[in-house]
Structures are given as C-alpha cells and as structure tokens.
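Student: Each protein sequence line maps, in turn, to chains A and B. Residue numbering for the first sequence follows the UniProt record's numbering, starting at 1 and increasing by one per position. Residue numbering for the second sequence follows the UniProt record's numbering, starting at 1 and increasing by one per position.
Any given hint could be a false lead.
One side of the interface only, derived from the structure: several residues of chain B facing chain A at Cβ under 10 angstroms [as the list claims (entries may be wrong)]: (1) Asn7; (2) Asp11; (3) Asn61; (4) Val66; (5) Ile67; (6) Met69; (7) Val74; (8) Leu77; (9) Ile151; (10) Asn156; (11) Ile183; (12) Met187; (13) Met198.
DSSO-like cross-link-like pairs, simulated, lysine-lysine; straight-line CA separation at most 30 angstroms [as the list claims (entries may be wrong)]: (14) B/Lys209 <-> A/Lys146; (15) A/Lys51 <-> B/Lys209; (16) A/Lys145 <-> A/Lys51.
Far from chain B, some chain A residues (derived; all Cβ distances over 12 angstroms) [stated by the list, open to error]: (17) Ile37; (18) Asp117; (19) Asn127; (20) Thr130; (21) Tyr131; (22) Met135; (23) Ile148; (24) Tyr212.
Because the hints were derived from the structure by calculation, they are not lab data. Don't be surprised by glycine CBs; every beta carbon is placed ideally from N, CA and C.
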Amino acid sequence: MLTNFINAYSSMNIVYLLEGLAITIFVSVISIIGSYIIGAILGIIRYIKIKYVSAIVGFVIDLIRNLPLLLIIFFVYFGLPNIGLKPSSVWATIISMIIFESAMLAEIVRSGILAVDWGQMEGARANGLTYSQAMWHIMLPQAMKKMIPAIVSQFISLIKDTSLATIIVLPDVMHNAQIVYGQNTNYIIPMFLMLAVMYFVVCYALSLLSRYLEKRMA
Amino acid sequence: MISIFANYGPDLLLGLGRTLLCSVIALFFSLIIGSMFAIFETTPIKFLRVIARIYIEVFRNIPLLVITMFFYVVIPLTFAKVDGFTAGTIGLTLYTSAFIAETVRSGIQSVNSGQMEGARANGMTFWQSMRLIILPQAYRYVIPPLGNQFINLVKNSSVLAFVAGFDLMYQGNVIASNSLDTINTYMAVGVLYLVITMPLSYYMRHLEKKLA
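This is chain A alone, in the form it adopts within the complex (with noise of 0.2 angstroms):
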C-alpha cells in the first residue's frame, strides 16, 4: 500500500498533476475575471429597470441560472460546430464557464445593490449627484461589501466546475490524473487523495482570502 503512494507521488506523475492544476487555474482566472465584468454589468442593467431590455435580461438570466452547467458545455462543445464555429476544449470552457458564472454573478450583484438603504441613492441626489455617479460612487462600494463572500464562494464553485470540463478532454487536473491511475489501478487511490488535496487547498485558501477581506473592508 505504501509503495503504491511512493510511486503514484513520483516526480513525473506530480509535475504532470501540477500542469493540469496550472491549466485549471488559467481557465479559472480568466473565466474569473470575464465573468465578474460580464455579470456586474448584467446585474446592474437588471437592477435599474430599464425598459423591455432589463425584464429580457433578467428572463436570460434566469434561464441560464437553472440550467446545469454541464449541459452548457456540451452545447458549447458540441452544439457550436454545427453552426461553423468550431472552439477548442479550453475556450469551450471558458465560453461556457463565462455564460453560466456571469448569470450567477449578476444576481448577486442585482441583490447587493438591492441590500444597499435606498435613502443613501436618496441622499446622493439630493447632494447633487446624477444617477450614474451614485450609483459608481455611492451604492457599488456599499454593495461590493456586502456581495463578497457570495462573490468568493461563486468562484471556489467556479474552480471546482472546471473540473466538469474533463468530459470535452480539457488536460485540467482531473483528466490528468484519470490519466495516471488509468495506467496503473494502484495508482487509483494516491491519485483521488492528491486531486482532493489540491482542489482543497486552492478552494480552501480563497475562503481564508474571503474571510480576510470581509474583516478589513468591514
């Protein structure tokens, strides 16, 4: 049993894990940081009502937010080529992370401005602020307080969903460690403890991070 963790953990198996961990990573990060664009502006046109677009948006929103992720995927994946745009696993699931972590996003970003007093967009208007400038520099810092730990626990879910993405043969930790103890059934148990460790450690290091943020900005 303890030779079998010996060799599972062998500098080559472990440098190959740390590869697909970096390509997780880098499909995190960006999808991060598309979909906290994305979503914010999304969850601000919501929540200011404009005309037909924001009851549609909404609409948009909702249905994606109640669709599984994986099924995102597939239609990304699989679906696209059939119109004549044919994207690679890696921006498969990008595209996709974006498309279902933006509609997350945007409700939370539609409820922390609503958690926000109205008397404060009250108070800046009387002050002579126009809507645009209260709501850039009096409501969205309020409600960036309060949405941070929903926006953190969206994106450790976030990295966790990537590892879906293995199904459209993204090389990400998951699909290289499948391919690891696929070639040795001893392998099969060091692998599973390994990938739970540095999931966990990734995950569990930006809800301290969350934690951290919530006491300074508090």
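Put chain B on the given structure of chain A with help from the hints.
Tutor: Below, chain B alone, put in the same frame as chain A:
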C-alpha cells in the same frame, strides 16, 4: 427540437425520471446528514464541533465530480461493485449535505438564543430543546435556501452522465450522438431541466419575499 421530442420522447422522460429520483433520494439523505452536522456545530461539545467543521470544509472544497468518481472508481476496488446511479447519488448526497449543514446551521443560529436558554431553564435537555424548540423554528428560515439547494441538486445530478447513471444528461448525450443534431438535442434536454428548476426557483423567490 419538436422532432427530437417526437422521436426520443420516452428516452428523455426516462432520463428525467432518473434525474428526479436521484435528486429526491439525495435531498432526503443530505437533509438528515446535513442537519446532524449542523446540530454538531452548535453543540457545546468541542469535539463534535471540530468533526462537523472538518466534514463541511472538506466536502465543500472538493469538486462534486471528484467525490462521485471516487465512489465510482475506488469503492469497486475494495468493496462491492456499485453502479453509476448509486455512486452518483452517494456523491451528490455527501456534497449537498455539506451545503445543507451550512444552511441549517445559519438557520439554527438565527433563532433567538433566548429560546434555547428558556427551554433549558424549563428543565429540557439540550437534545429536547433542540428537537422541540429550536429546529421547528429554524426550518422556517431555511425553507427557501433548501429549495435552492434542491434546484442545485437537480442541476448537479447531471454528473451522473460521467458515471453512466442514465440520467437526463446521459440520455441527451446518447440521443445527440444518435441523431447528430446536437443543438436541438441539448435544447430539448435544457427545456426538460427548466421544467423542473424554473417554477421551483420562482416559487422559492416568492416564498423568500413572503417570509422576509
């Protein structure tokens, strides 16, 4: 999309049934396990609190797919053979129970602590006051978040497709590779998922407003 429903309707419905069955089973057991760890976290016994904390942090920070694959790949090595559906349901249960534990814990903590003190002062034991006084009040707070957990469960149950669990997503993949009409197939699958999740999510939002 209509032709997909016409040609593969029974397969899709079978998949939908499996998805729902697995979600309901997983919800039932994760409610039990989740509530147990939530109570552990609020007991005065330090050992139980630590156990609960470790359980929750571990299962919240590891992807569902890793947990599910673990049961699908590792358990057959050592113990009995498990089929994809069982492995998927066990994985979903453990994963969801960690989230439910967090939800129930915040529900318990949002019940006024005077309730517990009052119950204890009236001579009830910790377990009696938990069961008869605190939990009934806590469940009222946690019903909307639990509903959202159920929606997540239905969506997450699509990992059964990885382990041949014959759920909706799995059937969708089979149909997509048979019909070669991927876009319409996945749209049909999406509609079936939305039929469950959309009404539920609007109802939960309504409930949240009513309770707030």
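Student: Give a verdict on every hint.
Tutor: Hints and how they fare:
A hinted interface residue such as asparagine 7 of chain B counts as satisfied when its beta carbon comes closer than 10 angstroms to some beta carbon of chain A; here the least separation is about 18 angstroms, so the hint is violated. Interface restraint check for aspartate 11 of chain B: the shortest CB-CB distance to chain A comes to about 16 angstroms, outside 10 angstroms, so the restraint is violated. Using the Cβ-Cβ criterion of 10 angstroms, the hint placing asparagine 61 of chain B at the interface with chain A is satisfied: the shortest such distance is roughly 4 angstroms. For valine 66 of chain B, the suggested interface contact is upheld, since its CB lies about 5 angstroms from the closest CB of chain A, less than 10 angstroms.
Given hint, isoleucine 67 of chain B at the interface with chain A, holds; its Cβ is 8 angstroms from that chain's nearest Cβ, closer than 10 angstroms. Given hint, methionine 69 of chain B at the interface with chain A, holds; its Cβ is 7 angstroms from that chain's nearest Cβ, closer than 10 angstroms. Taking 10 angstroms as the C-beta cut-off, the interface hint given for valine 74 of chain B holds, the closest approach to chain A being about 6 angstroms. A least Cβ separation of about 6 angstroms between leucine 77 of chain B and chain A falls short of the 10 angstroms threshold, and the interface hint therefore holds.
Look at isoleucine 151 of chain B: its Cβ gets to within about 7 angstroms of chain A, closer than 10 angstroms, so that hint holds up. At its closest, the beta carbon of asparagine 156 of chain B sits 7 angstroms from a beta carbon of chain A; the interface hint therefore holds under the 10 angstroms criterion. With its C-beta approaching chain A no nearer than about 4 angstroms, isoleucine 183 of chain B sits inside the 10 angstroms limit, and its interface hint holds. Taken as an interface hint, methionine 187 of chain B checks out: its beta carbon lies about 8 angstroms from the nearest beta carbon of chain A, inside 10 angstroms.
Nearest Cβ of chain A to the Cβ of methionine 198 of chain B: about 5 angstroms, under the 10 angstroms cut. The hint holds. Of the pairs offered as hints, the one joining lysine 209 of chain B and lysine 146 of chain A holds, with about 19 angstroms between alpha carbons and a cut-off of 30 angstroms not exceeded. A C-alpha spacing of about 23 angstroms is found between lysine 51 of chain A and lysine 209 of chain B, which places the hinted pair at or below 30 angstroms, so the restraint holds. Using a Cα cut-off of 30 angstroms, the hinted pair lysine 145 of chain A and lysine 51 of chain A holds, with the two alpha carbons roughly 29 angstroms apart.
With a minimum CB-CB distance of about 24 angstroms to chain B, isoleucine 37 of chain A clears the 12 angstroms threshold, and the non-interface call stands. With a least CB separation of 15 angstroms from chain B, aspartate 117 of chain A remains clear of the 12 angstroms interface cut-off, as annotated. The beta carbon of asparagine 127 of chain A is kept farther than 12 angstroms from every beta carbon of chain B, the shortest such distance being approximately 30 angstroms. Residue placement check: threonine 130 of chain A keeps its beta carbon more than 12 angstroms from all beta carbons of chain B (closest about 31 angstroms).
For tyrosine 131 of chain A, the requirement that its beta carbon stay farther than 12 angstroms from each beta carbon of chain B is met, with the minimum near 26 angstroms. Even its closest Cβ contact with chain B, about 24 angstroms, leaves methionine 135 of chain A beyond 12 angstroms, as expected for a residue assigned away from the interface. With 12 angstroms as the threshold on Cβ separation, the claim that isoleucine 148 of chain A sits away from chain B holds: the shortest Cβ distance comes to roughly 17 angstroms. Distance check for tyrosine 212 of chain A against chain B: the nearest CB is about 16 angstroms away, which clears 12 angstroms, and the non-interface claim stands.
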